[in-house]
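Participant: Here's the letter readout for the chains.
Number of protein chains: 2
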Amino acid sequence: METQNIIPENLKLAVLDRIKPSQAERERLLAVQKELVAKVNKAAEQLDAPDVFAKVVGSAARGTWLSGTHDIDVFISFPEETSREELETRGMAIAREIAKDAEHAEDRHAEHPYLNIRFKGFDVDLVPCFRVASACQLKSAVDRTPFHNEFVKARIAGLEDDVLLMKQFMRGGGVYGSELRTRGFSGYLTELLVIRYGSFEKTVRAACTWKPGIKIDIMKHAEIEHEEPLVMVDPTDPKRNVAAALSLDKFCMFIDHCREFLKNPDLNSFFPEAPSAVGDEEILEKMEMRGSGQLAVVFKTPEVVEDVLYPQLYKTEQAAASLLEGSGFSVIKTGVWAGSRQNVIMLELISNTLPNVKKHIGPPVWVPGHAEQFKEKYENAEDVFSGYIEDGKYVFEIRRKYPLAAELLKEQLGQHSLGKHVLKSINQEVEVLENAEILSLKEPGFRVFLRKWL
Amino acid sequence: METQNIIPENLKLAVLDRIKPSQAERERLLAVQKELVAKVNKAAEQLDAPDVFAKVVGSAARGTWLSGTHDIDVFISFPEETSREELETRGMAIAREIAKDAEHAEDRHAEHPYLNIRFKGFDVDLVPCFRVASACQLKSAVDRTPFHNEFVKARIAGLEDDVLLMKQFMRGGGVYGSELRTRGFSGYLTELLVIRYGSFEKTVRAACTWKPGIKIDIMKHAEIEHEEPLVMVDPTDPKRNVAAALSLDKFCMFIDHCREFLKNPDLNSFFPEAPSAVGDEEILEKMEMRGSGQLAVVFKTPEVVEDVLYPQLYKTEQAAASLLEGSGFSVIKTGVWAGSRQNVIMLELISNTLPNVKKHIGPPVWVPGHAEQFKEKYENAEDVFSGYIEDGKYVFEIRRKYPLAAELLKEQLGQHSLGKHVLKSINQEVEVLENAEILSLKEPGFRVFLRKWL
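Taken in order, these protein sequences are the chains called A and B. Count along the first sequence from 1, then add 1; that gives the number in my numbering. Count along the second sequence from 1, then add 1; that gives the number in my numbering.
This is chain A alone, in the form it adopts within the complex (with noise of 0.2 Å):
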């Protein structure tokens, strides 16, 4: 039985021929790494810094990066003992030296600025770090780095390819990338996955048993325990979990596309198609289909980078879900699409509109003083239907005050905690659209998304 699923060889190599960079390609990458480290150890001996030195680190120093990405992680290593603002300020001097000769320049922040520029077509980030004893003794998250490098590089040789298949794979299934749109897998958790079961093939056979709370404990030397759904024990800091960032979805997403990749193993799983957008005519049909509420709030991007965007507008999604839950609709499901000028918060309803009866079940008759105070509050009030006594309790049909969903996300959603640039945006300006009205909403982006929701 074992056998019958064996991944062909040749799909594997159809695979690798496409994402597997030539040896042209290779040999390009690793001039322009080559040049950069002289460029930075230069920098650094004519800023008067000849303890400082370039560290290439990422995928590219190990060999598993993707053919057609074309990222340098060029690391700026300062001695320890040096201070942490001699570290921003000479380390940034040193990676503008540099800048001078690349095509743009921008400065970027994580923990401490860095600086991103664009080098002979190649996209480097030039990073100060300091170089640390081990990685349990980091001055800077960046500082980490390192060491994963010098840890995966030791023990990658001949599983290259297995990587650069996984990589791949992880991308078909929409699972690959830590970052925090994403929330998937990492680079170096693809790489230590690989080097923990031996082979693509083997590492898509485990996951398919995996369940949440799995731990891989490379160096066994784990120090604590971790809540994530998929703990993957750092080899180079036993108090980190690797794969911190990936979500529940992404993680069952991933046990489910291995699990259909084994049943039928094909290109499709690497590459699948790419969905087109959906047209106006189809849109209506599938609403009328569907016969549920659309709902889709729009507000302009924010200019901040993804990292920062994409946590805000999921907490907006689940602000809105909870406001209209919160107020008695029912939620189908929620969605998030960011474009470059607007973003949409989808969401699927039972209904956009409620009655205007709401029952408003008050305390137990027999609660001394709030079962009256309750009573006495509603039994003369304006837009009171009527009152009875049900279950016990004293219960008023009251007037809804917000039986359309749209006016109540319209009225409320901006008083909410949103995180603070969704919720400037928002209060700056928002609509909020019904059912056919989406079809205002043209950009491609959207209407990719929108084929899939449908």
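All clues given are correct.
Only pairs whose alpha carbons sit at most 20 Å apart, straight line, appear in this in silico SDA-like list of lysine to any residue: (1) B:K334 <-> A:F397; (2) A:K301 <-> A:R448; (3) A:K203 <-> A:S187; (4) A:K425 <-> A:Q313; (5) A:K453 <-> B:D384; (6) B:K121 <-> B:A25; (7) B:K360 <-> A:N436; (8) A:K394 <-> B:K453; (9) A:K216 <-> B:P369; (10) B:K360 <-> A:V337; (11) A:K394 <-> B:W454; (12) B:K212 <-> B:E228; (13) B:K212 <-> A:E391; (14) B:K334 <-> A:V385.
Not the full set, but computed from the structure, chain A residues with beta-carbon under 7 Å of chain B: (15) D250; (16) I256; (17) R291; (18) I333; (19) W367.
Simulated from the structure, these hints should not be mistaken for lab results. Even for Gly, the Cβ is constructed at its ideal location relative to N, Cα and C.
Given the coordinates of chain A, assemble chain B onto it according to the supplied hints.
Facilitator: Chain B alone, transformed into the frame defined by chain A:
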């Protein structure tokens, strides 16, 4: 503070003026009672049963009957050692002897057969019973009644007016009557309450602070625990709760009625205005204002007594609500109306329709077997909109079987456990009217019910 709320004497007098039997009414009742007792005793003698004799029980025997009610209960009392069969044959033979002079006679059946006759304008029950030594040794449920009679008669002197006031006050609050239609306070329970608290007013005051679980044990001889909201230990039987039939809501309605009355003691609490029938135009207007979904399940009234019919109607009301909720509908409230020709189960819903799309949530992705079976079942099924993973579970958007509440009720209600007679009637013919269609129900009694409903 206490004295401010004292019930005005003239209010009580005004009520008594309308409900207390006049001297003439009283004399007439006593005369008829006497005549019936003589007839029973004579018939017993003629049938060679000299140890059988008549006993008048009930409110007529204790001077606590409301003017205008013409009920007399005559118990035909047999020695304890009589066999059940003999009691029935000889008891009914004696009763039939009396019935010869009656305007009308009808066999009825509780635990034993008894005879109901119309005699000189009075509604008379002739009930054979055993003369047991105490109420705890009864051979049949009716054997208890003479003991109740003795207990009350010995203590009610001077409190008769208070009992009359309380009975009428309970009528005004819609809580008088222990039959299964009402599930309120019985006459005996009312008498015991007045005996326990000492007057009408003291009972009203006490009830304002009642909570479910309150226990009154006049003889301090309770032997077992009861679950009902009010426990009135039977002074003649330590195991029995006289208030066993009282529902939580009628218990609470009485508390509420007492509180309102003390705040504003007026005739209206005893004699509320009779609600009028609501007209077509007003029905439409109110339905429009409420904006909800209204459903009326209509079927022929089965030919059974109310104590058999009402439990079945209440069961049907519950079953209809469960059926709707189980299929995704949201029920606001339910109600029952029973006329001589038709019965109606009324249901108010958030909406009478639901979207075609229905979210069907499956097992967690990682559950072996289950998860894969679920996915396989739905992923290629007809009428599936889409599938995805949410909160770690497979979710499929499938086509709802019953998007219309009326259709669901029409097709499925008759499959449920509704009680024999109602089930039969519904399976013969049932109509489910929606919103304005309900106007076709013209019975004045139903239209009175509808005024309160809307």
